[in-house]
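Colleague: Using the supplied hints, reconstruct the complex from the two chains, each of which is provided in its own coordinate frame.
Protein chains in written order, with our numbering: chain A, 1047 to 1313; chain B, 4 to 291.
By construction, these hints were calculated from the structure, which means they are not laboratory data.
Note that the Cβ used here is the ideal one computed from N, Cα and C, for glycine as well.
Among the clues, some could well be false.
If you want the footprint, here are the derived chain B segments under chain A, 3+ residues with CB under 8 Å [claimed, not checked]: (1) 87–101; (2) 104–111; (3) 121–129.
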Amino acid sequence: MLRDITLGQYYQADSVIHRLDPRVKLGTTVLFIISLFVFQGVWGYLAAGLFLVLVIRLSTVPFKFMVKGMRSIVFLLSITVIFNLFLTPGEPVVQLWKLTITREGIELAVLLAIRLSFLIIGSSVMTLTTTPNQLTDGLEKMLRPLNKIKVPVHEIAMMMSIALRFIPILMEETDKIMKAQLARCADFDSGNLIKKAKSLVPLLVPLFISAFRRANDLAMAMEARCYRGGDHRTKMKPLHYEKRDYIAYVVVVCYLVCGIAAGRLIG
Amino acid sequence: MGIIKVRDLIYEYIRRDEEGNVEGITTAVDDVSLDIRQGDFVAILGHNGSGKSTLAKHLNAILYPTEGTVWVDGKDTRDDAAVWDIRQTAGMVFQNPDNQIIGQVVEEDVGFGPENMGVPTREIWERVEESLKAVGMYQFRKFSPNKLSGGQKQRVSIAGVIAMHPKCIVLDEPTAMLDPKGRGEVIRAVRALNDVERITIILITHYMEEVIYADKVYVMDKGKVTLEGTPREVFSEVERLKELRLDVPQVTLLAHELRREGFPMPKGVLTNQEFVEALDRCISEAGG
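Chain B extracted, bound-state conformation (with noise of 0.2 Å):
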């Protein structure tokens, strides 16, 4: 069984006048399946309102399902019992950096998790200090998050969260408010956590370029997954992505056009590098 498996999810927003009854019902999350795999990088794209974020908070144990079931790392999140136990496994990043730092200092605000979880202090300190390592945050440990750039104070959240020793990170768009250059960052970071700490990592966003190295894309619209598959599966399905209003990276749509305009480009083009020896191949076969 994998990391987090997600079954018939069904979540509803209830809207209520001021009497409390009931005016409407809005299904953010209709009857979504997942597995991830420990270790696993997961994209979930989709435009705004498509329940990805609902979603996200699932599997933190911040909303429960109102029917389908939740289960991280084995334990369902509507078990009370296990709900500390599901917010350390899986760790939460959110999308605005100013209101998830809770320290007036770098190194305390990556160090309240693990004094949350009651770990004693000289090991909160070798957690911050690998924390802070791990994204790369570590010369900025005695600043006040105030003072740093958008893309650093993610990172910092991330380090808060990676010193609670999770098991996978759901990151809220963490990069919707930032910069390319804090994006970068960010991702890079991402990234690392990934490949050397083999963190399973679920990144939900609409940017198309943060997915293209993740194992697995799942697209979602009107709380449905519409599409999954790996990046260069889904981005292969250019028309359809365009119908969620979403973009494609500028490679990929490039290579559809030339596609079907009629050169011989292969389908879910998903880097410049892929592009240009697509493009090389094209010539070459054209001129011989």
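Isolated chain A, as found in the complex (with noise of 0.2 Å):
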């Protein structure tokens, strides 16, 4: 059923980083990627695994988890690796026909794939074990300050949680008007590409029309509730900085200080 999707890839479960305030997930995660690219050398390295592996342990979600997220950039990793892999200059190691592969290439490539897989499935962890709804909740409160530079943040806030509210209704609808088409002997599946993208007019237009007409009802629904923007607004489910936070916060500084002595002194 189409209605059962779940948006992003929450997993339910109940562990310390699920309960984390979004806050510091999502910069915790933002700081990880940061770190991946300024510490260097194994023990730098060595640091950021450490540090994603005890992340994974806390948050009780199933490796396997991680690594689905994985898939979608097996094609990007190759590429990237092959690419370091042959056209890196250095002593050469293998000789194939005209490309050598070199030792420095070797290494890069070795790096290289390791710090994307860090960093996807450092973002996964967060996407795993964080709502859809508390990561809009907590972008609109981290990006507050922007309010200042006349930022529209409480309104793109609402945005993205009324768009993830109606990807679902509007992923029924489209199977519903292409079931209506087809019923029709529309064909969406054959033809060259131009041709299949024409197909679609009969299927983007009356999705169109009925997306529009919804935003009205919404509009109107939510007027009639007395919603006004943001100001004057409480929040039923307001974020709060507990013990934990500031035990997080502190891991996390503990982690970035490590990590960068580690690459200095000993690397």
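Modeller: This is how it looks when you write it as structure tokens:
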């Protein structure tokens, strides 16, 4: 059933990581990604790897869910690895016809592969442990200072959460329209790319009309329930930093310091 | 003065062409006056295009009168300063449940209205709990609205309105998109609110079965109120309702046909129970 689709890839569990404030998780993810590019040498990677393993263990999300996210970037990953493998100049190790694999090439390719995998797994941990709702809430609160330079932060967050709410509804609607058109002998599958694109017109036009109608209805319903933008609004589920959130921040800072130190001193 | 008072309301939809010239004017509501008392259950009936939905949108200050005046709880809807008070006093439930649920979790949606009103967090939770209990949806509070049936979604929408503590709820064809089971659920919830909480209900519908419990019925046609009275009075006018292309409940119609054939059936029979009793009397009179 289309309606059962969960957006993002939230994995329901009750772990420390799940209970952390979304702002902590967002901030940590950003810091972690930066750290991957700042840390140097084997020890830096080891620090990042250890940190990731620790977080995954704490989150109680099975590892195979993390790997799922990897599948989508296998292609990208292999291209990067291949290019680095063959095109890095240096001391030759293997000679295959006209292509040379160098020692530096192997090193660089392996490090890049690790870096990219860590990046993907790291951000999966966040999306697996945070509902889309919490994410938009977290973003809204984190970006609030941007209000001062006239960025409509509340409005953007509201749009994001409305979009999330309506994606399954519009998907179901697409399915319905598609079936209705198929019943009247529409052909969505055959022909070349241009023909296929053209055959989508009878699908997209009704979908757009219905989306606009829904938007109009929703706007009226929101106004009828006294919605008037972000001012004077209270929150049913306000975000509060708890003790565990401060601890998490301390852990992240420790990780950063250790990683940088490890890279500089040992590596 | 009642909770809602409408005097000589006229509303015109103006169609314009691309240059903004007036192409035509449709008078959707034409000289309507209503008085609704606090605690009443009022039904507004009408065929498609009779202006009943346009009238409903005036009671929540979504549309403003072209001519005439609408007062909600003593406040003129054209007064800009009073708009938010009016929208809180007269909550509104719309036809399509999917297009009026904002939250991704039931409880969050119910909390949306109080959030907008600036109610403190703790009180929002209390209001959400009591509203969901009032419509019997409390056990679904953690559900995604996408996983509920139409009737359940519509009850969530009603809870979302109750959480704003309105004095009056306007329901604009809340059952039009539901199956019979969902219709029953919604109407039962609405009646309970009227009976228990004494919230004024204004139910707009074209299902006759839903209005037999109302205190007062208005029938609209072409923007005007053509019939008004208690359900019994209105349903006595079977021929008139047929002219307005409105269906009469089946028992009422059957009683009417029997009367025309010369049986001594009373006018305006509304429920199966009444019909059976009336028929019993007929038979015993005929026998005796």
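Colleague: Each of the hints needs a verdict: does it hold here or not?
Modeller: Hint by hint, here is what the structure shows:
For the stretch 87–101 of chain B, the assignment as covered by chain A holds, since 8 residues bring a beta-carbon within under 8 Å of that chain's beta-carbons and 3 suffice. Counting residues of the stretch 104–111 of chain B whose CB falls under 8 Å from any CB of chain A gives 7; the rule of at least 3 is met. Proximity of the stretch 121–129 of chain B to chain A, defined as three or more residues with a beta carbon under 8 Å from a beta carbon of that chain, is established by the 6 residues found.
When held up to the earlier numbered hints, the structure conflicts with none and fits them all.
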